[in-house]
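Enquirer: Just so you know, the protein sequences line up as chains A and B, in that order. Going by my numbering, the first sequence opens with residue 1, and the numbers climb by one from there. Going by my numbering, the second sequence opens with residue 1001, and the numbers climb by one from there.
Derived from the structure by calculation, the hints contain no laboratory data. Please note: incorrect hints may appear among the correct ones.
A few chain A residues facing chain B, derived, Cβ under 8 angstroms [stated by the list, open to error]:
1) Ala60
2) Tyr72
3) Asn81
4) Ala108
5) Val142
6) Phe146
The list that follows gives simulated cross-link-like pairs (lysine-lysine, PhoX-like), each with its CA atoms no further than 25 angstroms apart [to be verified]:
7) Lys1079(B) with Lys1126(B)
8) Lys1058(B) with Lys1122(B)
9) Lys1079(B) with Lys1142(B)
10) Lys1108(B) with Lys1093(B)
11) Lys66(A) with Lys1199(B)
12) Lys73(A) with Lys1269(B)
13) Lys1326(B) with Lys73(A)
14) Lys1058(B) with Lys1269(B)
15) Lys36(A) with Lys1124(B)
16) Lys135(A) with Lys66(A)
What follows is a set of in silico ranges between Cβ atoms, one per label pair, in the way DEER data are often shown [what the hints assert, rightly or not]:
17) Met88(A) with Asp1305(B): 53 to 63 angstroms
18) Gly1221(B) with Ala94(A): 46 to 56 angstroms
19) His141(A) with Asp1049(B): 32 to 42 angstroms
20) Met88(A) with Ala1066(B): 33 to 43 angstroms
21) Asp1305(B) with Pro54(A): 21 to 31 angstroms
22) Arg1195(B) with Pro54(A): 41 to 51 angstroms
23) Glu109(A) with Gly1092(B): 26 to 36 angstroms
Note that the structure is a prediction, hence the values are computed from the model and not measured. Where a beta carbon is used, it is the ideal one built from N, C-alpha and C, also for glycine.
For reference, the chains in residue letters:
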Amino acid sequence: MIKKLAIWILAGLLFLVSCDKTPVDPPDTTDNTKPKISGTLEIEFRVPGSFLPPSRVLRADLSIAKDAESLYKGRFLQMANVYNSKLMYQFDLAPGVYYYQAGIICVAEGDSCSAASFPGGRFGMKWAIGTAEVKQDKTTHVVPQFTR
Amino acid sequence: MYIKKKKTWLRLILAVMAAGFVASCETGIDINTDNQDVPIVYCVLNSADSFQYVRIQKTYLIDQAALDFPPEQDSMLFKGEIVVTMERWSGGKVMETVRFAPTNEIPKDSGFFPYEKNILYKAKAKIVPNQIYRLYIYLGSKEKILYAEASSLGNLTVIDPMPLTQRKISLYPGTNYTCRWQPVENAGVYQVSIRFSYKETIGGVTKIKYLDWPQTFASPGSDAEYLSNDISGSRFMHILEDNLKSGDGIVREVIGLNFQIVSGSMEMKYYIESTAPSEGALMEKPVYSNITNGIGLFCSVARIDVNDLLLSPVAIDSIAYGQFTKTLGFLDHTNDRDSTNKL
């Protein structure tokens, strides 16, 4: 009887000693930048055609803001790196309505940019502004429309 | 009696000779041979520069512990006549010959090795793409000619970033930047380097400072239309956190980014590989050299700088208020530290 008791006490002690009560931090695998509940805003950033060569009108800006005031003040939620070779841009956002702006720039020399209605001539920019509703686990697709 | 005396003398002489022989023995072994004065030559032809430079030094040998006693300046330089010439070859013909002249216009960084006299050899030469260059160095003191050959690279064309300040760069956690360029003929290795410029004000004194962030080497792909290097926005924030001091009274303002895209020839690739840390069983690798009658490197690089690019307002605000960099004192894109701007 005493022998059994001793074995049980020893086993219990061993169990207690082996327990490490200090919590171990799990590796942080969460992406802090991605909202937990999110949808995707996909912007098809087409550069409108004109009499200018395609290499003279380039994508320059693609920004997302929470409301019109933030867009106006330049307080953006996200800004994409735009490239000549990339058409589709995706943003992971929490569900809601967002404002976006897309900008194109004219780099042609002479008065070609003015003739193509780019304000200020060379390095003048045109903007397309719009809204899009992002829904949970869904992709909202928009195509910014530029005026001629 | 006479013979006995003679024998005693003979024994005495032999004993003295044996004692002298034993006393003259030295137990130390000289493990060093004489210094061979091996020439060390480095020349990286740069197509982005109109002047080219050659560095010529020699091996040195000292009897003390090498890491405790830096060498004398003169022990690393050759005396006597040194003639440095370079030929440009195309289609089996010499198209151009240039002669280098000594200069000390570029100071050497201070450190273990002597830096007072940094003698280089300089020549005005624009590097023509896809040509063969031959370097000849005559060392009068050794009556020796060193020789090396390298091919110049093709033209480097950078696709992204474009030199367009309106196209702002976004680099923050979750948003990376992709740098792209077209493959270069004869290139064996590529590297993108970023220079982050900022204003720093401490105690009313403002200085413009910069932080260089070289990316890992990239190798040429197989028949790729373009090559690319992804620059991590998260890593950028960590680089700032690790390299800039935080403290009260420090105010910093973001200026922008400069990109430097460099392509190196095959010789440079072999040299980088041979000097990289060893992996696996082979712990000691011979360092690559393409200098005949010496050691060193003669190779070429092509470089494009895309300067004065601006960071996007979101990236600037991320630096100002982000979890890794918020203590560094950076102003946000409206040039203040107003928390209502916090994203």
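Enquirer: Is the straight-line distance between the alpha-carbon of Lys1058(B) and that of Lys1269(B) 25 angstroms or less?
Expert: Distance ~24 angstroms between Lys1058(B) and Lys1269(B) Cα, so the pair holds.
Enquirer: Was the hint right that Ala108(A) lines chain B, CB cutoff 8 angstroms?
Expert: violated, 13 angstroms
Enquirer: Starting from the range 21 to 31 angstroms, see whether the pair Asp1305(B) and Pro54(A) falls in it by beta-carbon distance.
Expert: The hint (21 to 31 angstroms, Cβ to Cβ) holds, given that Asp1305(B) and Pro54(A) are roughly 26 angstroms apart.
Enquirer: Holds or violated: Ala60(A) as interface residue toward chain B, Cβ cutoff 8 angstroms?
Expert: holds, 5 angstroms
Enquirer: For the hint on Tyr72(A), just tell me whether its beta-carbon gets within less than 8 angstroms of chain B.
Expert: violated, 13 angstroms
Enquirer: Lys135(A) and Lys66(A) were given as a pair; does the straight-line alpha-carbon distance stay at or below 25 angstroms?
Expert: holds, 14 angstroms
Enquirer: Is Lys1079(B) within 25 angstroms of Lys1142(B), Cα to Cα?
Expert: It holds: about 9 angstroms lies between the C-alpha atoms, which stays within 25 angstroms.
Enquirer: Measure nothing beyond the straight line between the CA atoms of Lys73(A) and Lys1269(B); if it is 25 angstroms or shorter, mark the hint as holding.
Expert: Since the Cα atoms of Lys73(A) and Lys1269(B) sit roughly 48 angstroms apart, the hinted pair is violated (cutoff 25 angstroms).
Enquirer: Given the hint that Lys1108(B) pairs with Lys1093(B), does the C-alpha gap stay at or below 25 angstroms?
Expert: Roughly 37 angstroms between the alpha carbons, so the hint for Lys1108(B) and Lys1093(B) is violated.
Enquirer: Do Arg1195(B) and Pro54(A) keep their Cβ atoms within the hinted range of 41 to 51 angstroms?
Expert: violated, 31 angstroms
Enquirer: Straight-line Cα separation of Lys36(A) and Lys1124(B) no greater than 25 angstroms?
Expert: Violated - the C-alpha atoms of Lys1124(B) and Lys36(A) are around 60 angstroms apart, more than 25 angstroms.
Enquirer: Quick check: does the Cβ-Cβ distance between Met88(A) and Ala1066(B) fall within 33 to 43 angstroms?
Expert: violated, 59 angstroms
The structure shown violates the earlier hints numbered 2, 4, 5, 6, 7, 10, 11, 12, 15, 17, 18, 19, 20, 22 and 23.
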